Amino acid sequence: MDIQTLGQLVLSGLTIGCVYSLVGLGFALTLRATELINFAQGEMVMLGSFIGLTLLTTTGLPYAAVFVLVAIAVGLVGVLLERTILRPILDRRAPLLNLLIATLGLSIALQALAIIVWGREPVAYPRLFSDEPVMVLGLRVQALNLWILGLGLGVMAALHWFFQHTMTGVSWRAASLDPATAALFGVNRRRNVALTFAISAAVGGAAGVLIAPLFFASFGIGHSVIVKAFAAGAIGGFGIVGTMLGGLALGVIETLAAGIVSSDYKNVITYSALLVILMVFYRPTARAGRSITEGAKVVASDVVDLMSGDRRRAALLVAGGAALWLAFLLLADTYALRITNMALIAAIAVLGLQLVVGYTGQFSFGHAAFYGVGAYASTLLTMKLGVPFVLAVPLAGATAALAGLLVAPVLRLSGHFLAIATLAMGEIVQLLMLNWKWLTNGAYGIYGIPLPSFAGWELESEEGFFVLISGVLALVYLLLRRLTRSRFGRSLVAVRENELAAMSSGIRADRQKITAFVVGSACAGVAGALYAHYIAYISPESFSFLASVQMVTMVVIGGLGSLPGGIVGALAVALLPEMLRALADYRLVVYGGLLILFMMFLPGGLADIGRRAWRLAARVRA
Amino acid sequence: MLTITDLSVAYGPIEVLKGVSLEVAEGAIVALIGGNGAGKTTTLNTISGLLRPVRGEIRFAGARVDGTPPERIVAAGIAQVPEGRKVFRNLTVHECLLMGGLVRRDRAGVAADVERMYGLFPRLRERHRQLAGTLSGGEQQMLAFGRALVARPRLLLLDEPSMGLAPKIVADIARLIADIRRDGMTILLVEQNAAMALALADRGYVLEAGRIVLEADAKSLLEDERVKRAYLGL
Amino acid sequence: MRVLLAASAVAFGLGASAAGAQQVIKIGVVGPMTGAFAAVGQSEITGAEMRAKEINAAGGKYKIELVTEDDASNCDQTVNATVKLITKDNVVAVLGAMNSPCALAMVPITRRYKTPQFTAGVGTSITKQGSDYVFRIAVGSIGQTRELAAFAIDKLGQSKFAVIYSDDEYGASMANGFKDALAARGMQPLVFDSVPRADQDFTGQLTKIKASGATALFTTGAFTFSALMAKQAKQLGMSLQLLGDTGNASPKYIELGGDAVEGAVLVEPYTPADPDPKLQAFTAKYKQQYGRDPDGWVAEHYDAVEMIHQAVLKSGKIDRQTVRDFAASLKAPGTFRGILGDWTFDATGDASFNLYKVQIKGGQKVILAR
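Protein chains in written order, with this note's numbering: chain A, 19 to 640; chain B, 794 to 1027; chain C, 10 to 379.
Note that these hints are calculated values from the structure, not bench results. None of the values given here were measured: they were computed from a predicted structure. Don't take every hint at face value.
What follows is a list of derived Cβ distance ranges for each label pair [claimed, not checked]:
| id | chain 1 | residue 1 | chain 2 | residue 2 | range |
| --- | --- | --- | --- | --- | --- |
| 1 | A | D149 | C | I376 | 26 to 34 Å |
| 2 | A | I627 | B | R1019 | 52 to 60 Å |
| 3 | B | E816 | A | V298 | 53 to 61 Å |
| 4 | A | M401 | C | N65 | 45 to 53 Å |
| 5 | A | A82 | C | P286 | 36 to 44 Å |
| 6 | C | A337 | A | F346 | 33 to 41 Å |
| 7 | C | I376 | A | F346 | 53 to 61 Å |
| 8 | C | M247 | A | P427 | 51 to 59 Å |
| 9 | B | A868 | A | S148 | 40 to 48 Å |
| 10 | B | E808 | A | L493 | 46 to 54 Å |
| 11 | A | V86 | B | A868 | 32 to 40 Å |
Backbone N, C-alpha and C define an ideal beta-carbon position, used for all residues, glycine too.
Required output: the full structure, derived from the provided sequences and hints.
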């Protein structure tokens, strides 16, 4: 490889690395000041690219000026969002998980708004600089690249100076480590958080103006960057200088890898490296620290529990439920059955996730991976090995459980690090599904998956599937209910609330966490198997991070720690987009908005509402 | 200078301070002694504005300060050397000292005071570029003192300055406290090490389970039978 | 049971209105109205809409009613939407989906409910599922790549090829098709790499291509993908013969690629550059209604709606099986002629019609051959 080519690669790597550094800084700052991973950070990048585009095309301002203006504008947006949405949730000491979901909702809503304002299609930036290459150190480089690098490095230098040489910056660093003592000397925590979001948003927006000329301005531009940006932070220990260097390093390594090795496995390597770094450097030294569900109105008992004191009411409720189920089966039209079936399949997976997240307090953002493993397992078992459906489904669950066991070491991480680790794990699994073509047929997917057959009789009707899926759901529910009510279940709750205390009372926390995780994965696997045979075509695309996110959302909306809540949450979240069809483009804004509102005002989820309603009814009756 | 009347502070439903009253005269050193969990740190943190009382009032130089935010308390002239030093481990020694002057408007004055601290604590000057977390326990205590002094307080709150330090260092700290007092500082000294505290102080209060159970001049307390048994190990 | 009830309800309803009033042909359209491929969905719906409006304006025995559902390129939603269109809206045929995997997911459903499906998805396996109800109204990946490769070798004189594709079903279909087409001519691509769909920086891959000495680059995936790659190749100072399939047919490709895509050669089923007066009129009319040039997808769906219309006209029945049989009967040229020329479907439901080979010159498409 000649010097020109190598230089080109390194320069490109540095350029994209700059973007990772800036966005990563946003993550790092927010994380250190508030313990929150702001999933909407990617949208700050998107906003930056679009606002920059508008400014460039309507005013005649030069690129550097637009760059500065955009940073300021997006910074203000960040402050606005913090003040109106995030602060109320932060103030209420809501569980970390709720905050995460709120930022996810924000991310969805912002993307949808961008589509409404700027259109659905990617837009190219106008030509900013001449295409004639410039000679630098004997290398031919593009003027655009130099500008991007220059501005990016300039921002980083300015930020470094800010944090080292201004009292505001120094006090920020003090407060990020020890907010209480910093308060003793005058650091107002509220103002500090607002400042943090302002800077994070501003650097995100700045990054957007930098990448958009290279790529295109589009509403998805943030997503392609955020995991890498977070990795940059992780590499750099989330320190300010560390993240800057981490991002640059990541960009260069990635580009070199794609140029020299192959691009197929490029991302697998990146994500695996991230996992390794997290596992080696970010394992918690203390087992204390805030549980993700601390402060949550975790439903310790569900409605069924409340009824256990009254046999007659319990029997009435069960009978009523059965009657409803039967009525639905007989009266609902095909379409209603179809969408309900899909929602119920999701519910099975969500019950498993409820065990992991709600009961054991473990962040898991890769649940869809096990769903996918189950789907592929059952597909391959029935199609390649001729295993009958009734056996294939439980075997698929077992395969997913095995996969869960393999991944389980990751559980030694905690909080947001576990979140990112499970995210990376999910991405790796999806990439393997794409690349192990010999097993999964790669991107083509597998079609023609046979319908469930019982001794020769094939199940084809929606009604039939409704019965089958409800049956499996009921079985899984009862099993999990038994599990959570046992001593095992109670030990999980103890681990969730205070791992250290649990361990000192003799609970083998590690073992409990892994068991819960494996059981949860098994549920996802069973659900995936049903999914495969229902839809008859699977491809890696269905098992993405977004799918995992949706499952977490179902758990939270339903109510952390409530099994019936998990089912209700799954139904609500799955059916909502269908019901909002009429809103077209605004559908996603509403969806994101609902998530945020829920997190702000109904952190206990639907289960909490259910409990309160039940109590109210009981009191009224009395 | 500082008057606390009937102060009650609670963490949620748990009342930690139950009607505490004490007074610190200008220029005096007042000791607040008590065992673990008595509520000493809570008292100081409430004075500093980190906590809001449920009942009672705190007056400093005549003005009411309970419930005001911490940055205004510092600006009013009350600085704390917190329990466990709590220097900002990720900042340099120099930056820690600068943090003391965060709320002051006169940057030049802050710089001059930082210089004075280096004069007072030459070892800090040697290490001024080092990260605070790399200092020894005794050096960190100096740093914490220096930081508080840069705030140019009129009242200094000391939370267990002797904790976890070797006896020789404790002696140095005691000397330091006496020196600061001689320069005119008013000090409220919270300690488990009753002997040291009462040796330095003019007056003393004994705090037990959120209540003041004894108050007298320091000399009398040193000779009190109960104090001797409970806090002086005699 | 349910289907029978539904079918008889439809028949009854139609029978009642046969006397004089216009009868309604309901056609379902499912595709990405939102999401990353919304532009493609736009082509689908506007093409169908234009023909529907023309038919309705002309009066006549039948009226077209389009029922549109958004799938946001999410295949689970595609299936839900298809079930809704078929069982709730009782459409006589379904157009869609645009994304190949989603079209694939629809196949068992349209087959189960015996509803003809007309899809522009190019993934090879769409028509290989043994369903009698799937008709591909586009040239599939095999057909496209065969023609493109042949043209590149014979008419452009290229022999050193590089292939970069996005790692999804569409990209893989095209890339493998191209590879096979080259193999049939005794050639092999010098570079054959896939890229994660979300990736946007291709410096690494492009450097590899430079090192390999390839002179022609076939990129396949969303047109954004191809346009980005063209731009970055230009920035690296590379000058390659760019080749593209119908995925790059959208005018957005030129808009996004700017002068980086000058000289690119594409295959498309329809191009506004054709001087044929009938086609020019079509282009002008579309442009007037929708503010941009029509692309191949527009023409394909325009013709599909007319095809369904013809099926009903010829048989006098608004009936799924009839529409299906009509499409299947198009074996030889002459029975149905649309904007794209004579339509024929082979035994598996694959259409074949001639593809234009166009080159982008001065931001416009110039026809090189057909």
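Do the hints match the structure? See the list:
Between A/D149 and C/I376, the C-beta spacing of about 28 Å keeps the proposed range 26 to 34 Å intact. Between A/I627 and B/R1019 the beta carbon distance is about 56 Å. The supplied range of 52 to 60 Å therefore holds. For B/E816 and A/V298, the hinted distance range of 53 to 61 Å is satisfied, since their beta carbons lie about 55 Å from each other. Hint check: A/M401 to C/N65, Cβ distance near 46 Å, so the stated range 45 to 53 Å holds.
At about 52 Å, the beta-carbon gap between A/A82 and C/P286 misses the expected band of 36 to 44 Å. Hint check: C/A337 to A/F346, Cβ distance near 38 Å, so the stated range 33 to 41 Å holds. Between C/I376 and A/F346 the Cβ separation comes to about 58 Å, which falls inside the hinted range of 53 to 61 Å. In this structure, C/M247 and A/P427 break the distance hint of 51 to 59 Å, their C-beta atoms being roughly 44 Å apart.
Take B/A868 and A/S148: their Cβ atoms lie about 56 Å apart, and the range 40 to 48 Å is violated. One distance hint, 46 to 54 Å for the beta-carbon pair B/E808 and A/L493, holds here, with the actual separation near 51 Å. Checked against the hint of 32 to 40 Å, the C-beta distance between A/V86 and B/A868 comes to roughly 34 Å, which is consistent with it.
In terms of the numbered hints stated before, the structure departs from hints 5, 8, 9, listed from lowest to highest.
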